[in-house]
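Dock chains F, X and D against the given chain B, drawing on the hints supplied.
Protein chains in written order, with our numbering: chain B, 1 to 97; chain F, 1 to 97; chain X, 1 to 97; chain D, 1 to 97.
Since the hints were made in silico from the structure, they are not lab data.
Among the hints, erroneous ones may be present.
In this list, chains with the same sequence are indistinguishable; a pair is considered to hold if it fits within one copy or across any two.
[What the hints assert, rightly or not] DSSO-like mimics (lysine-lysine), calculated; alpha carbons at most 27 Å apart, straight line: (1) K68 with K91; (2) K91 with K18; (3) K18 with K94; (4) K94 with K59.
Number of protein chains: 4
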Amino acid sequence: MPYQVNLGLQVIPITDPKDAYSIIDDCIKIIQSSKLAYQVTPFETVIEGGYDEIMMLIKDIYEFSITKTKEVVINIRLHSKADQDVIALDKIQKFNE
Amino acid sequence: MPYQVNLGLQVIPITDPKDAYSIIDDCIKIIQSSKLAYQVTPFETVIEGGYDEIMMLIKDIYEFSITKTKEVVINIRLHSKADQDVIALDKIQKFNE
Amino acid sequence: MPYQVNLGLQVIPITDPKDAYSIIDDCIKIIQSSKLAYQVTPFETVIEGGYDEIMMLIKDIYEFSITKTKEVVINIRLHSKADQDVIALDKIQKFNE
Amino acid sequence: MPYQVNLGLQVIPITDPKDAYSIIDDCIKIIQSSKLAYQVTPFETVIEGGYDEIMMLIKDIYEFSITKTKEVVINIRLHSKADQDVIALDKIQKFNE
Numbered sequence: 001m002p003y004q005v006n007l008g009l010q011v012i013p014i015t016d017p018k019d020a021y022s023i024i025d026d027c028i029k030i031i032q033s034s035k036l037a038y039q040v041t042p043f044e045t046v047i048e049g050g051y052d053e054i055m056m057l058i059k060d061i062y063e064f065s066i067t068k069t070k071e072v073v074i075n076i077r078l079h080s081k082a083d084q085d086v087i088a089l090d091k092i093q094k095f096n097e
Numbered sequence: 001m002p003y004q005v006n007l008g009l010q011v012i013p014i015t016d017p018k019d020a021y022s023i024i025d026d027c028i029k030i031i032q033s034s035k036l037a038y039q040v041t042p043f044e045t046v047i048e049g050g051y052d053e054i055m056m057l058i059k060d061i062y063e064f065s066i067t068k069t070k071e072v073v074i075n076i077r078l079h080s081k082a083d084q085d086v087i088a089l090d091k092i093q094k095f096n097e
Numbered sequence: 001m002p003y004q005v006n007l008g009l010q011v012i013p014i015t016d017p018k019d020a021y022s023i024i025d026d027c028i029k030i031i032q033s034s035k036l037a038y039q040v041t042p043f044e045t046v047i048e049g050g051y052d053e054i055m056m057l058i059k060d061i062y063e064f065s066i067t068k069t070k071e072v073v074i075n076i077r078l079h080s081k082a083d084q085d086v087i088a089l090d091k092i093q094k095f096n097e
Numbered sequence: 001m002p003y004q005v006n007l008g009l010q011v012i013p014i015t016d017p018k019d020a021y022s023i024i025d026d027c028i029k030i031i032q033s034s035k036l037a038y039q040v041t042p043f044e045t046v047i048e049g050g051y052d053e054i055m056m057l058i059k060d061i062y063e064f065s066i067t068k069t070k071e072v073v074i075n076i077r078l079h080s081k082a083d084q085d086v087i088a089l090d091k092i093q094k095f096n097e
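Here chain B stands alone, though its shape is the one from the complex (with noise of 0.2 Å):
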């Protein structure tokens, strides 16, 4: 797959809000700490890359939250298209202007 996919991502730990949120805001650290593109987002954080680099990463996440947490539930929405780069500003620049 040699185009770029957008990927949005949603941890939700099942536990305690305060502990919920720790957690969530290491998780938004260790995509910091990745070279790929992302955006912080009221309930998801998109991610821009290849398929496999952000799956990747992804398995890190998965593999963290559940050392912190007995329970987690994570959503995942990604976009991809045959012939063409995904680039989430293309989706929301003009709205935001």
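Chains F, X and D alone, transformed into the frame defined by chain B:
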């Protein structure tokens, strides 16, 4: 429900991509014409306000969408707290400075 | 909107798992006490009916949930067609025979 | 990650509905041809197994889908516990008796 909630709205028309994007743009315009605070993100538009007023807006968008495409999937994420407003900016600003 | 829609409802209380499951069970009981057709699946309960009647049920569930947990995420997926009912069974029966 | 997870997979081809359903059916066939336990539900197919083996299956489905449609949205929900398997049947059987 007196407290303000956060709601992420993703409209996916099941139709040719060029028609799909035009419908999605028009749905965002309906949100923009409401008085509610919103943020367009790559996968969804996040709306902030009272539960009932947001749900009335969603009904408008749903009814509009189904006049423009034979079939639609609408994904909604609601985030609510028992004793305080949910403020989208509070959730993301520390990561986007 | 005269046609019947399909709606998937996932309630995620942000609280300790043992409390979370009890709240989820009570939310499903609210669905069961309605007159609407439903199916409990591993991630969500799928409800079949008119848009307005399902949305009234969701409001009941939302208002209930927020009395039982400090914080909740509710995920909703709506599937609707412009000119016919969406029938859950039609979508799955050929795969589950 | 030794424990078994639950994963809900929804493939939404952005194309004409009649093409979309044919692609979705073929994706379900790919799941059926794996050795993993699965259940087709109205909005998603729920798969049970190890994280890595499910993610390899999802890569196959993603790569297949994008050869059949110009654009696709794939939604994934992962449910995992730190110290035990997640068993889909345990979550739903009491409601479907």
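Hint check:
no.	hint	verdict
1	K68 with K91	between (34 Å within a copy, 20 Å between copies)
2	K91 with K18	between (33 Å within a copy, 13 Å between copies)
3	K18 with K94	between (36 Å within a copy, 16 Å between copies)
4	K94 with K59	between (33 Å within a copy, 24 Å between copies)
Consistency with the previously given hints is maintained throughout, with no hint failing.
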